[in-house]
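Engineer: Sequence:
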Amino acid sequence: MAAYGQRPIEYPEGVFADVNWAPVIGTSARTDLTRPYSTYSATCDDVKLTYPVTYPPLSPTSDRACVLTPSPGKVYRGGLDAYIRNQAQNGLVHKLKGAAGFTVSHVESLPSWADIIILANLGIDTLANTFQATTKATSLHLPFNSIKDLSTTQFPLQLATLSVHHNKVVSFNTLSAAGLKYLDLSFNNMSSLKTTVFPDSLRQLYLFNNPSLVLHKATFPPILQTLHAHNCNLSSIGSVSWPPMLDDLILANNNIASIANTSFPPALSSLNLANNHINELKANFPSTLRFLYLGGNPITAFYANESQFDILASLQNPQKATAASCGEAEVYPGDCSIVLDTTATNSTCTGHTSVRLLWNTFPICIVPDDPRSFKSGKNEYNRSKFWNTTAAPPTGPDGMLPWKGGGGHGNQGGEGSSSSMLVGGVLVGVVVILGAYYAYRQFQQRQACQWYNEVMTKGNKQFVDSDNAATTDQCDIHHDIRHDPSFAVFRIPATNIERGAVVARGGYGIVYIATLRTVGKPPTQVAMKQMLPEKGHNVDAIEAFMDEIRVSARLYHPKIVSFIGMSWTNLMNLSMINEYMGGGDLWSLLEVNRTQRRVDWNVRGTFRVDFGRSWLSSTTASAAANKALLHAGLNDPNVPFSKFSVLLDMSQALQYLHSPDINIIHRDLKAKNVLLGGDRGVAKLTDFGTSRETMEDQTMTAEIGTVPWIAPEVLMGVRYTKKADIYSFGVLMSEIDLCIVPYSDLKMIVPSAGVSVAMAKARISMMVVSGELRPSFSKNCPQAMIEIAQRCLAFDPADRPSADELVSWFTQFLE
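For the sequence shown, the UniProt record's numbering begins at 1 and goes up steadily by one.
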């Protein structure tokens, strides 16, 4: 990351620098283009615009968006289209900017042809209930408007960037934008975030210049990496629960007086607390910290133990040893690269053992590593607050609570009565103790047989005391995820998980159905994946499984199986906990479908995809035509699950994986790795054990993946790209159509029962590499599906479509 944190995105102004944004009036004979208030619409065919003589001509695409008015036949220009100079790869930009006397009250649809949409300074009050079916845009900028609520709109699934700075947003409940990564809410009127639900996929959140903001009880997305909340009048942050993967935190120019009760996230790299009211600071920073900004605070007592002093000494601020002054007028907090602006940092210290100079400039008061031996005035440092560790309460040697004798009760009966009561009491006590002992032994036996107390070896299962289970933890694992502080929040106590039956088994792992029990919540069915016992001592297999967990934890998309957490008591039982998909895998359904036909294409045989409408220049039909052609490519738009819907879901999953921010090749796309919901209304991609981030300088091997689904370039062992996943998608289309393993029906591949699997794979590989073999399709497969598949199965990767194009083609069936 950059030394001073990531800045908010500036929407591309320069591409329209010379544009005259004065309103351009037009006319239309269509009565359906009248609205009760000024409304931006992206479906405005048959509109004639009159331009001044000196006005530059517009491209044809620009005529398709307009601003509708209450006056019949009166419309205004709806924006301009252009590519950013030298950045055409970022896609087409569509922009409309307000001018004097020209405002827009409502946005009812977005351009389908643009990748970046900017509607600025228009006075927009409200947005449509949904934009999910109207655009392919990944970036939406709505600055300098009057929007008050974002929770009433469903934003596009593929939307990655949403900028709503300089509006009137006060609060919202759930932001419906499943793939959102960047959200700018700066310069609004946000107050409490207690009821706000951000998308789980969010990575960058900008909340600065919200003067009434309160972070208490805010719930942030688990993978949030950037949070900027400067100029918000914040007075306290001690009760804030920071997301575990937060890397860049700016809290400058607030009213914070103390960070004594603050537990900073374990992955924090940059922290800006400049220009607050901190006078006493007790260092409690994570070891990952690289940039720290404390200028503008009246610090007169800066305490640190030896380990915290080492963290401070390792900071990388460019002017860390300079006691300069940085005012609040900085362009952006952190641009002033100092750490401190005062050398009086030990003037009021008490109770410390020594003073050390930080970079030979700033005096730091050194305190003992054991806080119990250190007192400052009347207040003793508390370990849990100062060094963020906890100590268990003392226990007796046997772990049992002592019996307490009764006292203060008078003896109301005679000696015999007292003796009888004593004997009876003893008997009752013996029975209670025996019953308690029996129950305790039963509990111990049940606990001993729990999954987290077992040690698995090949062909052998042993149950051991969990305290001694660590003796099996002998492997030297590089980057052990169990000790990675950024993943600590994902750890689920083993006792909260009740493992059930096996639901799947593969070459490396085994999957169980399990029950997750969390205090205050109802039990939840989950999927629990572990390594096969025979892989437990294979360091490569263990590291690969940990990499799969890391990849899964990064992914948040409605068409990808959700990662919940991980659990373990020792290395052998390390488990990944995922969302449970009650419908099983797609391949199991296809096997049944060969004879029972439970799922069909639901695609009209006469429908054709317009491949000329690329994802950069698709067109939009008129409003009337849209109404008539809604879901024109489907036989029945009310069927929730079909072969078509599975492929649409998988294309959206690939689009997310191949996006620049995620940049992952799945490498094993096939029906067995597609899981279905219990109601079979949605399909989700799973199994990222073979996935990897794309690297330009890395040559990948052909050893991963099942041969029939592997692209020719992968089989040849040459460098490959995301287009390898597109080839696998084409094979998946054949698999879904025929309901068989690709090529398994060809005699040339399997001429007799005596042919081994290895020989069959070798023949497939040779014929695919030579271009002699490609997946086939049935005579009942819709022609539109075959045409899409043929493009995906092109021998040359350059001839295959991108995931963006796939999504745009499948979306045409829904128009």
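It should be emphasised that the hints constitute simulated quantities derived from the structure, not laboratory data. Computed from a predicted structure; not experimentally measured. Hints are not guaranteed to be accurate.
Claimed, not checked - What follows is a set of in silico ranges between Cβ atoms, one per label pair, in the way DEER data are often shown: (1) Leu-814 / Pro-70: 54 to 60 Å; (2) Ser-235 / Ala-798: 53 to 59 Å; (3) Asn-189 / Arg-482: 20 to 26 Å.
Unchecked claim - Only pairs whose alpha carbons sit at most 30 Å apart, straight line, appear in this in silico BS3-like list of lysine-lysine: (4) Lys-521 / Lys-535; (5) Lys-194 / Lys-97; (6) Lys-535 / Lys-320; (7) Lys-779 / Lys-672; (8) Lys-148 / Lys-74; (9) Lys-194 / Lys-672; (10) Lys-722 / Lys-672; (11) Lys-217 / Lys-148; (12) Lys-74 / Lys-97; (13) Lys-74 / Lys-217; (14) Lys-217 / Lys-194; (15) Lys-97 / Lys-148.
Beta carbons: idealized from backbone N, C-alpha and C, even for Gly.
Engineer: Work down the list of hints and note, for each, if the structure agrees.
Structural biologist: Hints, verified against the model:
Leu-814 and Pro-70 have their C-beta atoms about 31 Å apart, which leaves the hinted 54 to 60 Å range violated. Take Ser-235 and Ala-798: their Cβ atoms lie about 58 Å apart, and the range 53 to 59 Å holds. Take Asn-189 and Arg-482: their Cβ atoms lie about 44 Å apart, and the range 20 to 26 Å is violated. This hinted pair does not check out: Lys-521 and Lys-535 have alpha carbons roughly 35 Å apart, beyond 30 Å.
Pair hint Lys-194 plus Lys-97 does not hold up; C-alpha atoms about 34 Å apart against a cutoff of 30 Å. For the proposed pair Lys-535 and Lys-320, the alpha carbon gap of about 49 Å is over 30 Å, so the pair is violated. Pair hint Lys-779 plus Lys-672 holds up; C-alpha atoms about 24 Å apart against a cutoff of 30 Å. Under the criterion of a C-alpha separation no larger than 30 Å, the hint pairing Lys-148 with Lys-74 is consistent with the structure, at around 28 Å.
Proximity of Lys-194 to Lys-672 is assessed by CA-CA distance (about 41 Å); at most 30 Å being required, the pair is judged violated. Simply put, Lys-722 and Lys-672 have alpha-carbon atoms about 20 Å apart, close enough for the 30 Å limit, and the pair holds. The suggested pairing of Lys-217 with Lys-148 holds, with an alpha-carbon distance near 22 Å, which does not exceed 30 Å. Distance check on the hinted pair: Lys-74 and Lys-97 sit about 19 Å apart at the alpha-carbon level, within 30 Å; holds.
Only pairs whose Cα atoms come within 30 Å are accepted, and Lys-74 paired with Lys-217 is rejected, the gap being roughly 49 Å. Distance check on the hinted pair: Lys-217 and Lys-194 sit about 5 Å apart at the alpha-carbon level, within 30 Å; holds. Under the criterion of a C-alpha separation no larger than 30 Å, the hint pairing Lys-97 with Lys-148 is consistent with the structure, at around 19 Å.
In summary, the structure is inconsistent with hints 1, 3, 4, 5, 6, 9, 13 from the numbered list given earlier, while agreeing with the others.
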